[in-house]
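Asker: So you can see what is in the structure, the chains are spelled out below.
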Amino acid sequence: MSVADDALATRPVPDSAPARSGTGGAPRRRLSSAWRQRLEILFFVSPALALFAVFVVVPILQAGRYSLYDWNGLGPMDDFVGLQNYVRALSDDVFTSAVQHNLTIVVLSIVVQLPLGLGIALLLNRQMWGRTFLRVVIFVPYVLAEVVAGVVWFMLLQPDGPVDAVLDAVGLGGFTQLWLGDPDVALYTVLVVLTWKYLGLAVILFLAGLQGVPDELYEAAQIDGASWWQVQRRITVPLLGPTIRTWGFLSMIGSLQLFDMVWILTKGGPANSTVTMATYLINQGTDRSQYGYASAVAVLLFAISLILAAIYQVFVLRRDTKVSS
Amino acid sequence: MTRNRRAATVLALGTAVALVAGACSSGSGGDDPAESGGDVTLTWWHNSNNEPGKGYYEQVAEDFEADHDGVTIDVQAMAHEDMLTKLDAAFQTGDTPDVYMERGGGELADHVEAGLTMDLSEPAADTIENLGGSVAGWQVEDKTYALPFSVGVVGFWYNKAHFEDAGITEPPTSQEELDDAVQKLKDAGVEPISVGAGDKWPAAHYWYYYAVRQCSQDVLADAVTSLDFSDPCFLRAGEDLEAFIATEPFNAGFLATPAQTGPTSASGLLASGKVAMELAGHWEPGVMQGLTEDGTGLGDDTGWFAFPTVQQGEGDPTAALGGGDAWACSAEAPPECVDFIEYLLSDDVQIGFAEQSMGLPTNPAASGSVADPALADLLTVRDDAPYVQLYLDTAFGENVGGAMNDTIALMFAGEASPQDIVDSIQSAAGTA
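If you read the sequences in order, they're chains A and B.
Counting from 1, one number per residue, gives the positions in the first sequence under full-length UniProt numbering.
Counting from 1, one number per residue, gives the positions in the second sequence under full-length UniProt numbering.
If you're looking for bench data, these hints aren't it; they were derived computationally from the structure.
Careful, some of the hints might be misleading.
Unchecked claim - Using 16 Å as the maximum straight-line C-alpha spacing, the simulated EDC-like pairs for lysine to aspartate or glutamate come out as follows:
id: 1; chain 1: B; residue 1: Lys-274; chain 2: A; residue 2: Asp-160
id: 2; chain 1: A; residue 1: Lys-197; chain 2: A; residue 2: Asp-260
id: 3; chain 1: B; residue 1: Lys-86; chain 2: A; residue 2: Asp-287
id: 4; chain 1: B; residue 1: Lys-186; chain 2: B; residue 2: Asp-165
Stated by the list, open to error - Here are the in silico distance ranges between beta carbons for each label pair:
id: 5; chain 1: B; residue 1: Asp-384; chain 2: A; residue 2: Pro-162; range: 39 to 49 Å
id: 6; chain 1: B; residue 1: His-80; chain 2: A; residue 2: Arg-233; range: 53 to 63 Å
id: 7; chain 1: B; residue 1: Thr-93; chain 2: A; residue 2: Ile-304; range: 29 to 39 Å
A virtual CB, placed ideally from N, CA and C, is assigned to each residue, including glycine.
When you get a sec, could you build the whole thing from the sequences and use the hints?
Answerer: Encoded structure:
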């Protein structure tokens, strides 16, 4: 007997009398079996719940508590300042520009990587010579540790470094910049490196999504005389929708929490031109022993990510979850 | 079937309980090595994790153990950055090593306020007297909390060959001469100065030094304690720096240049001959040696000159900016800890320290023993200086110091005025 049958059997009939006035043992047995089921569920999820509580919920609550104090991490935490840390963060030009940088990276990552990733995925989905090799090449940057990739790019982008030398060699010497040292350029340099690093993930996800498009549709389109472009536009891209929307979500969350690459390349500089919420948190908070303030920034980062994630869920991902349920 | 399920339930519950218990108990586990039958173990953290320093300190600990029955020194040498991270964590949990390094200033004041550091004024009075003015940076409200064993000064390290090629015969002593040297070096096709503005503090050292030159000792000492920077000399310091930055003396891309890491850092550029000079502390020759393949740094081309004098300056032209490291005992350390750090500052140990060129000793008895000629010269400069101003960021502590360094770095990017620097210090300190 399955669980579903059990549930049907115990479901009360709408027009029957309330359980309390029912006939003796039967409702009690139903009740106890329902409770037993709940207990069992509780027991089985408790390890996961405990882990979640200890490593996610408790730290979040702790951060919330710290954020209400002026505390340098040493000695007792007794200087309660209310919401002052939040006021200070929201009125700090550097923090607001950090939020702007994060949002810029969210938007530009999607705007740049989506067409690029889609194009490469469509290209690599065709039968062609060296396809496996090209797939590996595209995916390698994503596999590299972020710190390693960051250090490599840091060396490449030095003034008169290899990137400048390559530009010089192909006659584009006039385009050389202080890639990391010019406040007007640094954020875009970081974006290019991030695109190089994360394009592989988009391509791999899109390629996986492409495998799920039934061949019959292509055959039918071919019989109808559709061109390659028409097939991509009318069949492939619409059917890739769920994959694209999921990738967009991952990309957005990654961009909001961006830390490692920026820290290695610029530490948020020059002149705060690449500061993100996470680098701000480390630089202005923990590095300065302002744990209360750092916690307030962390809570703001959490809240902003949560709100954007929720909006994305409601307006973009809802279609996908509806289809699957 | 039922029994299996129940067993699984119990197992799951047990796992959950164990996880919670494990998570809650971490940190409270105690293995206290000290105090068992009169025997004492002192844990000692230091950052001399390379030879000859590492071996020297092991020998020092053994010598002390031999002279003191029942005392064991647990020596832990670690890389500087690792030590700072571990110390931060140790201070927060209260599980500090008995003997550790203090950099003085505001950081020390925080430790003192939290009751983490032992007052040495009484138990180490003789040693403190012997060290003289050097201990000033490690005093809080007239009490001494650490014994400085190495205090260095900041100045310009330069490449003698580049200066010669550019036709600069004497190292500059005034701002005009420095400006002149910068121009000559540019004309000779050499980038004059490297600065690790990406790490901010190397850039900030310029403002500190202009403040030391512009402000009298009294004004500076008063400002460091009161955090009141209303004296116009601090604005003049910013104006001097602004004017100097405007002459474009720094390496290309200096806003993103790190201080000491890798060949493209400020130290790396000087070591590889790509720039002619850099403002840095006594550590520079050692750092440059580590950044060159043959391990010699600039070798015989290494030169040093003091920060130049400025117009309208009210500061003593021979006053120096510097800082150093001191040995401290944690508040809970056994009394033998004081004996040990006094031993570390004794004539014998400091002379050995000087002979191994591990730093600039503070015990006058060791002054003549510094083996490295560059360090020996610096020692003379330091001892001839009327006073050594502790790095201002260290003096103010991480919070105010960090805000100040940020704004000075912004001035290097052309985005902050002399007034902005003063304002940022005062607003971070709450004295605006």
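Asker: A range of 53 to 63 Å was offered for this pair. Does it hold for the Cβ distance of His-80/B and Arg-233/A?
Answerer: holds, 59 Å
Asker: Quick one, are Lys-86/B and Asp-287/A close enough, alpha carbons at most 16 Å?
Answerer: Distance ~14 Å between Lys-86/B and Asp-287/A Cα, so the pair holds.
Asker: Taking only the CA atoms, is the gap from Lys-197/A to Asp-260/A under or equal to 16 Å?
Answerer: holds, 12 Å
Asker: Given the range 29 to 39 Å, decide if the beta-carbon distance of Thr-93/B to Ile-304/A lies inside it.
Answerer: Roughly 31 Å apart at Cβ, these two residues keep to the hinted range, so it holds.
Asker: So the hint says 39 to 49 Å: do the beta-carbon atoms of Asp-384/B and Pro-162/A match that?
Answerer: holds, 47 Å
Asker: For the pair we were handed, Lys-274/B and Asp-160/A, check the Cα-Cα distance against 16 Å.
Answerer: Holds - the C-alpha atoms of Asp-160/A and Lys-274/B are around 12 Å apart, at most 16 Å.
Asker: Would you check the hint for Lys-186/B and Asp-165/B, treating anything up to 16 Å between C-alpha atoms as holding?
Answerer: Holds: Lys-186/B and Asp-165/B sit about 11 Å apart, inside 16 Å.
This entry satisfies every hint, going by the numbered hints stated previously.
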